[in-house]
Each structure stands twice: as structure tokens, then as C-alpha cells.
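**Student:** Now for the letters of each chain:
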Amino acid sequence: GAGVSQSPRYKVAKRGQDVALRCDPISGHVSLFWYQQALGQGPEFLTYFQNEAQLDKSGLPSDRFFAERPEGSVSTLKIQRTQQEDSAVYLCASSLVSSRVNSPLHFGNGTRLTVT
Amino acid sequence: LAKTTQPISMDSYEGQEVNITCSHNNIATNDYITWYQQFPSQGPRFIIQGYKTKVTNEVASLFIPADRKSSTLSLPRVSLSDTAVYYCLVGVQGSQGNLIFGKGTKLSVKP
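Sequence lines, in order, name chains A and B.
Taken in order, the first sequence gives residues 489 to 604; the numbers are from the working numbering.
Taken in order, the second sequence gives residues 33 to 143; the numbers are from the working numbering.
No lab work stands behind these hints: they were computed from the structure.
Virtual Cβ for every residue (Gly too), placed ideally from N, Cα, C.
Careful, some of the hints might be misleading.
[What the hints assert, rightly or not] Here are the computed lysine to aspartate or glutamate pairs in the DMTMM-like style, where the Cα-Cα straight-line distance is at most 20 Å: (1) B:Lys138 - A:Glu573; (2) B:Lys135 - A:Asp574; (3) B:Lys135 - A:Asp512; (4) B:Lys135 - A:Glu532.
[Stated by the list, open to error] The following label-pair restraints were derived from C-beta to C-beta distances: (5) B:Val87 - A:Asp506: 36 to 46 Å; (6) A:Tyr498 - B:Thr115: 34 to 44 Å; (7) B:Asn62 - A:Asn539: 44 to 54 Å; (8) A:Gln505 - B:Tyr45: 21 to 31 Å; (9) B:Tyr45 - A:Asn539: 43 to 53 Å.
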């Protein structure tokens, strides 16, 4: 029932490899967000979906980052040709509605990506 | 986008009341103020949200003055388990740029 689930919990990739990070939001949640959190820093916004539509991808750091949510539920964040600076925790959050009132964001525990 | 300023760190002792103030001088009319708590190796957790005056729930209180240029998160009688990073966010979810976390306030509660 539970909350937002992210997998894998940890991922080690060699520089240049492609990775795919999965997020299972809470069932019925309309909005889905991806954040990147570097060590000792606050989460930084990457992208936002409302159902299957990606409404904001202004935070994606480069064209190597790509996110999708094809059926409006599960989302995947893909990073191509990983670089060392991509090492971070990637957090996914979902919320019940998208409206002028801020529904609380429910976060998963993240995927810790280490690029060697 | 409304930026926020919070103290980098605070120390407290068990049983004390802790107040963390956040400055947001350019808050917009439609913006809400939301606070999150984050423990190591976990995602942030929603604590409280408000628009104006005072909001209280079972965990905390949020005080917002009339000009809304700042807000104060109040944690009554903290315990060791309240040691965490606290983030103040200002904005409207889903709007352009979405919600910005900043660096947060690292609260350390000592016995």
C-alpha cells in the first residue's frame, strides 16, 4: 500500500554507461516529480508530470537525461552516457492532485547513483 | 521564483521548543509555504503547510506574519528523533519551476 517505491535502491555505473531508475508512485496520484540530491545539498527539481504529460522538464541538466511516464503511473528516469557529476541520490515524489493548493509531496527513499 | 533563506544549522536539547525561521521576501500572492523534514537516507517528509496566520497540526505549528515575508516552524518539546534537516519551500506546486528546496536547516537535538 504503501508509499512511493523506487528501484534500485543503489546503482553503480561505469562512466559512459546508460542507467534507468524506476519510480512507482502512490496509486491514484496525479502528479509525479523527480529531484536530484547531491551530498549535503537540498533536492533539486528535475522534471514534473501530470498524469502522462511531462509539463515541466526545465530542471533536467542536459539532454542525456530523459524521463517518461507513458501510462500515467510508473515513471522511469534514464541517464545516458553517465558522467561522474551525475553521482547523486535521485528522488521521486508523487502527490494526489494538481491544483492551486499544494498537495503534500510523498517521496520515495531514492536511488543512490554512483558513477565510477 | 520566490527564494528562501534559512539558518544552515541549529542546536537544541531534548524537551525544548525549537523555532526555525525562513525568510521569503519576494513571496507571490498565490504562493503557499510548506515545510519538509528529511532524515539521512530517506526522502523528505511533509510536515506542515500554510498560507497566512497560524497553522497547527499534531507535529508542529507554522506562524506566518501578515506580510508573509517570513515564516516560523515551531517544534514543541523536541526529542532526539527530531534531529533532521528541515526545508522551507515557497511556491505553487506544478507551476513553472516548481518547488525549490534550498539547503535547509540541519537541526541537531542533544540529550
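**Student:** None of the hints should be skipped; say for each whether it holds.
**Tutor:** Do the hints match the structure? See the list:
1. Annotation: proposed proximity of B:Lys138 to A:Glu573 is violated, straight-line Cα distance about 24 Å (limit 20 Å).
2. Under the criterion of a C-alpha separation no larger than 20 Å, the hint pairing B:Lys135 with A:Asp574 is consistent with the structure, at around 19 Å.
3. In summary, the hint linking B:Lys135 to A:Asp512 is not supported, as the alpha carbons are separated by about 26 Å, beyond the 20 Å threshold.
4. Restraint check for B:Lys135 and A:Glu532: satisfied, since their Cα atoms lie roughly 10 Å apart, inside the 20 Å limit.
5. For B:Val87 and A:Asp506, the hinted distance range of 36 to 46 Å is satisfied, since their beta carbons lie about 45 Å from each other.
6. Taken as a hint, the range 34 to 44 Å is violated for the pair A:Tyr498 and B:Thr115, whose Cβ atoms sit roughly 24 Å apart.
7. In this structure the supplied range 44 to 54 Å is violated for B:Asn62 paired with A:Asn539, their Cβ-Cβ distance being about 23 Å.
8. For A:Gln505 and B:Tyr45, the hinted distance range of 21 to 31 Å is not satisfied, since their beta carbons lie about 48 Å from each other.
9. For the pair B:Tyr45 and A:Asn539, the beta carbons lie near 47 Å from each other, so the given range of 43 to 53 Å is met.
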